[in-house]
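Trainee: Okay, here's what each chain looks like letter by letter:
4 protein chains.
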Amino acid sequence: MSTLKVAIAGATGYAGEELIRILLQHPSIQLTHLAASAKWDRPVALADVFPRFAGQLDLSVESLDPARLASSCDVAFLALPHGVSMDVVPILLKAGRRIVDLGSDFRLRDSAAYAQWYGKPHTHPELLAEAVYGIPELSKEAIARARLVANPGCYATSIILALAPLLRAKLVEREWMVVDAKSGLTGAGRKAEPSMMFSEMNENLWPYKVNHHQHTPEVEQALAPFAGAGGVSLCFVPHVVPMNRGILSTMYLRLAKTATWDDVHATYRDFYREAPFVRLRPQNQWPKIHDVAGTNYCDLAWTVDQAKRGLIVTAAIDNLLKGAAGQAVQNLNVMAGWPETTGLCA
Amino acid sequence: MSTLKVAIAGATGYAGEELIRILLQHPSIQLTHLAASAKWDRPVALADVFPRFAGQLDLSVESLDPARLASSCDVAFLALPHGVSMDVVPILLKAGRRIVDLGSDFRLRDSAAYAQWYGKPHTHPELLAEAVYGIPELSKEAIARARLVANPGCYATSIILALAPLLRAKLVEREWMVVDAKSGLTGAGRKAEPSMMFSEMNENLWPYKVNHHQHTPEVEQALAPFAGAGGVSLCFVPHVVPMNRGILSTMYLRLAKTATWDDVHATYRDFYREAPFVRLRPQNQWPKIHDVAGTNYCDLAWTVDQAKRGLIVTAAIDNLLKGAAGQAVQNLNVMAGWPETTGLCA
Amino acid sequence: MSTLKVAIAGATGYAGEELIRILLQHPSIQLTHLAASAKWDRPVALADVFPRFAGQLDLSVESLDPARLASSCDVAFLALPHGVSMDVVPILLKAGRRIVDLGSDFRLRDSAAYAQWYGKPHTHPELLAEAVYGIPELSKEAIARARLVANPGCYATSIILALAPLLRAKLVEREWMVVDAKSGLTGAGRKAEPSMMFSEMNENLWPYKVNHHQHTPEVEQALAPFAGAGGVSLCFVPHVVPMNRGILSTMYLRLAKTATWDDVHATYRDFYREAPFVRLRPQNQWPKIHDVAGTNYCDLAWTVDQAKRGLIVTAAIDNLLKGAAGQAVQNLNVMAGWPETTGLCA
Amino acid sequence: MSTLKVAIAGATGYAGEELIRILLQHPSIQLTHLAASAKWDRPVALADVFPRFAGQLDLSVESLDPARLASSCDVAFLALPHGVSMDVVPILLKAGRRIVDLGSDFRLRDSAAYAQWYGKPHTHPELLAEAVYGIPELSKEAIARARLVANPGCYATSIILALAPLLRAKLVEREWMVVDAKSGLTGAGRKAEPSMMFSEMNENLWPYKVNHHQHTPEVEQALAPFAGAGGVSLCFVPHVVPMNRGILSTMYLRLAKTATWDDVHATYRDFYREAPFVRLRPQNQWPKIHDVAGTNYCDLAWTVDQAKRGLIVTAAIDNLLKGAAGQAVQNLNVMAGWPETTGLCA
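Residue numbers (the working numbering), protein chains in the order written: chain A, 1 to 346; chain B, 1 to 346; chain C, 1 to 346; chain D, 1 to 346.
What the hints contain is simulated information worked out from the structure, not anything from laboratory work.
The model shown is predicted, which means the values in this text are computed figures rather than measured ones.
Built from N, CA and C at the ideal position, the CB exists for glycine as well.
Fair warning: there could be bad hints in the mix.
Computed footprint of chain D on chain C; a stretch qualifies when at least three of its residues, placed anywhere within it, have a C-beta under 8 Å from a C-beta of chain D [stated by the list, open to error]:
{"no.": "1", "stretch": "167-178"}
{"no.": "2", "stretch": "204-215"}
{"no.": "3", "stretch": "282-288"}
Below, computed lysine to aspartate or glutamate pairings styled on EDC-like, alpha-carbon distance capped at 20 Å [what the hints assert, rightly or not]:
{"no.": "4", "chain 1": "C", "residue 1": "K257", "chain 2": "D", "residue 2": "E175"}
{"no.": "5", "chain 1": "C", "residue 1": "K5", "chain 2": "C", "residue 2": "D58"}
{"no.": "6", "chain 1": "A", "residue 1": "K39", "chain 2": "A", "residue 2": "D87"}
{"no.": "7", "chain 1": "B", "residue 1": "K94", "chain 2": "B", "residue 2": "E130"}
{"no.": "8", "chain 1": "B", "residue 1": "K209", "chain 2": "D", "residue 2": "D48"}
{"no.": "9", "chain 1": "A", "residue 1": "K209", "chain 2": "C", "residue 2": "D48"}
{"no.": "10", "chain 1": "D", "residue 1": "K308", "chain 2": "C", "residue 2": "E173"}
Full structure from sequences and hints, please.
Mentor: Listed below in structure tokens is the structure:
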């Protein structure tokens, strides 16, 4: 494998930190540039931002300059606040760079939906059709060819991986698909908000954006091809729980036809036959966050309630890995033609 | 108010600890006896079990002796492991004592259901009809007259308080009522299990007893009178989250008729007009565990999705207070004819 | 006991929250006014600041107006940011109010030391001599007569209670008295700082203000009368640990003369003979935060290393109670001539 | 580098889990055998013990059989309960295997000290002289030649790395060297003890084995060569804090001669010139657990109090990595003649 030069814009957030950690061990990557969206007078040593990297990588973090970013790398990871990357991406594309965007700017194909959910118009709607929504388990070939991959949201990844196979198999009803998700706090990003202080969050728990979270439309969009005409209708309620990492999504579905645990198992098994990062748990063994924390796996488990026509599915991921930086590197591996698991320890 | 002599059997668990804490401040109670189900050679000073009570209560904890328990008190709180109180209660009743049983032995009216869910036959099924399921908001008059009150389970309390008014008003469908509950760890009791060690539970989260928890039948039994013929059918999945206290139950319901947020508000408001411990949150303000931790309140909030005929309700309680010891004292207050809030700080 | 009208300035912080919680249950207090140092356009309902108080207290929180504060109460608790109360206190005193100031403005008697440690000159140095440093176990009579009580810092309380008796008995050397303290996060106050976010603090731990914390001079000042000429010299290093509440201070002392565990016990016992909130632990039983959390106790334990002339003492308190709001109410009780424990559950 | 066959005895504990995790990524290791000290009827799939390894390593864990262990590997890691490895090591040595023992059986050279601190006689005292105490920063050459390396305790590693250079430079007094250490809970091992339950430990903190911890003699033994005649005298108090991983040791020392921050820096810098895993922090920057968690680094920081002749040093490590499994692999790398950092991401 030849080596690619990689830059990270948004290197000072949690996803950026994880990207650096992973890429330091990736055999075919050279980290060449780190940038942050903050306006700084001068570059800051990475070790001053993240002392954990002292002695490991002698790079500074610079304020984001799209031209400089474009000239520094073959591939750029963007982990920027909403609304920032849509103006950076065109510059990178023009320079011939390939991009994995961990933000939300290029996830929705419909610019009107973007404006509605993110509260501002999209400045480059002409690029939305080109962007590939980057779940390698669903779209490996498109990702391999993509110039621009839109890395999915953390909640979205856990939900889509659980539901796509069931929908394609027409096993479940597509209305009122209830998703109750629980997330660790790094999911909220690395910024000081009063409600996210330790003493506010510790020994606490709450729902938020109830039935109104911005990952809903990207899930519905991603599932539409599997659901057929009419698509799906989600009821999605995320909750924050006092832990740093991890998402557990519990999904409450109605069976569209009779099915057993084994039927569901066969459906998933066939769908994920070549997916190294999706694991199916043995019957009656439910996933814990510990089982996936620090890994790029998505663990699926389920139970069937024949009498009530119910199917309960849980999906567990590490929100910063399979939900963000890990999946981003998995996408890069696919784009570069490397084994999907390179640098991802599996 | 005259003073009642009160004993606690099961004083060394978390519910027992909370009962002691509350009753130390209750103006009309004298704690006269503490017992534990453990077999000890000799009594142990309370301060050796719970150093927090050093200097506050000079009682020893003795191994449980039903006769001695009966002779020590006017009213007994039982916070014993499943299957223990059913043999203690008859002795207390014969001695003329009144009882609040925090365990599960007298919650189900059907002895066959008891045997099925708790894995052993009930030794005194003849008492099941007499026991009053103790949610004062629903059964104040029966509790006032009761000799034996079966204090509800922690999850059950949060679910019943949320659903009973909606069912009575025929606002919601009674099938596939989805309840996704999240609980702190004291809910699992004070015993050393490998999976409940700090380093196993911290930074972790998991579902358990999926669609199979033993609180399901007591909820269905308690809701039946409100639901009418056919009763209700629950899909209940509890999760443990890394915090000590608190339960948040998120309920996913389908509307049986058109209704707005205000309609639901009116339904709850009317139902709980005289209930000091149920609070309705303003629209768009969701309850957090912090809002109820250390209190006997149950906070309710909800949202309506007209387009999808959906109603999402959340209920938050402190599992050791409104979910156990607080509700037990509330029941005692009702039994004694005292104001419901006595000693409960509200 | 007649009832006193009490106001709280600084009602929106953690100490303010605890004051409200305690005073709601205090039999001789009427809460008449709540103020915050924030500039608000209009008063905010207490339940909007702290939903836990919904239904319990129907007061609004207003922006701080010293004149209005003075006219609203007999006694004022001030829990304001450093440097704010020194301009409020003179107005309250002039109006004839008594004050318990939980902040640091009136703790140091020396205005030069104040300026050095707090980075600004004191605007009312003439009041420093009058303020009584409020540890009831040491200064009950002066507090009883005081117009202005300076409530000690949380670390300071734990250290002073442990060291004063040992110094008076000349048991320990007064140089290089090492204090390693560990505190929960509410000690840092209720403000959004990046390093205090949940995901920064959880699974983390660090020392700060090493040998340089602003509580050092108030401890040295408070201990001076017990130490005799030359006073004491502290080496104090605080650490933040990922929990909400509690301080454990571990002190490493050298014996000035031969002494046994029993000698130290006798020293403490005699000193705290009439102190209801200081508890001495049995030999070989070390205090845990759980033992004091939610209480106004300070638990002391120690061991003697005869061979090395060492004495190790630990002191545990709840930083928001004996370290702040609880001690403030204890001071009020002493000022009002009520039993020291009124409203403090002991 | 040729590949070594490696076995792990004690694969089901936290150190075992970390060893597996590291060795799965080590380029020159083949994991050939996993054993546990528990008596099992039949082997258990690794994925059933640690679901996180599902799909990564297809080995079973067997009950420990020393002969089978010896025949399975070139090098064995032993992470067994105290007192177990001393009977396994002779069998492995006789079979010509090399060993890294993460337990305490071969750390003390004096069998009487072993019996005193661990409460049982050593069954193979003749091997104590041969065992090399495995801190590569201090004894690289001896480790390279060793058949049997005794991997140090977690606390011990943090303390020795901080103190050895200061003692060799005669910078500090060797009496009453105060060490106040704070450890995460995985340090207590993976066993169900009541006091280590989540709800007992969360929001809690306490000292234990005060001035009496069994790591004290190994530290004193390891530091003796640096201290000269008379050795050192430690006052060591460990505390458990509510986090999973990490140790922070804060050391309170008296200067034996005048020294500045820079002098201490020069001392450490020279001592650790070729040590890739010891990092010196810039002045006034104190280490946090986050900086070392998940890494094999030991971060050192310090401050000098000239007036009081004081030197305060802090050392932070990940207790499971530099404090256990990471250091064990570092030792293996040295034994095998590989770069010290192989497989350890630095």
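Trainee: Could you run down the list of hints and mark each one as holding or not?
Mentor: Quick rundown of the hints versus the structure:
1. With a cut-off of 8 Å between beta carbons, the stretch 167-178 of chain C has 3 residues touching chain D; three or more are needed, and the interface restraint holds.
2. For the stretch 204-215 of chain C, the assignment as covered by chain D holds, since 7 residues bring a beta-carbon within under 8 Å of that chain's beta-carbons and 3 suffice.
3. Residue count for the stretch 282-288 of chain C with a Cβ under 8 Å from a Cβ of chain D: 3. That meets the three needed, and the coverage hint holds.
4. Distance hint between C/K257 and D/E175 is fulfilled; the C-alpha atoms sit about 18 Å from each other, no more than 20 Å.
5. At most 20 Å may separate the alpha-carbon atoms for a hinted pair to count; C/K5 and C/D58 meet this at roughly 15 Å.
6. Note on A/K39 and A/D87: the hinted pairing holds, with a Cα-Cα distance of about 16 Å set against a maximum of 20 Å.
7. Between the alpha carbons of B/K94 and B/E130 the distance comes to roughly 14 Å, so the proposed pair stays at or under 20 Å and holds.
8. The straight-line distance between the Cα atoms of B/K209 and D/D48 is roughly 19 Å, inside the 20 Å bound, and the hint therefore holds.
9. For the hint linking A/K209 to C/D48, the alpha-carbon distance of about 19 Å falls within 20 Å, and the restraint holds.
10. For the suggested pair D/K308 and C/E173, the alpha carbons sit about 14 Å apart, so the restraint of at most 20 Å is met.
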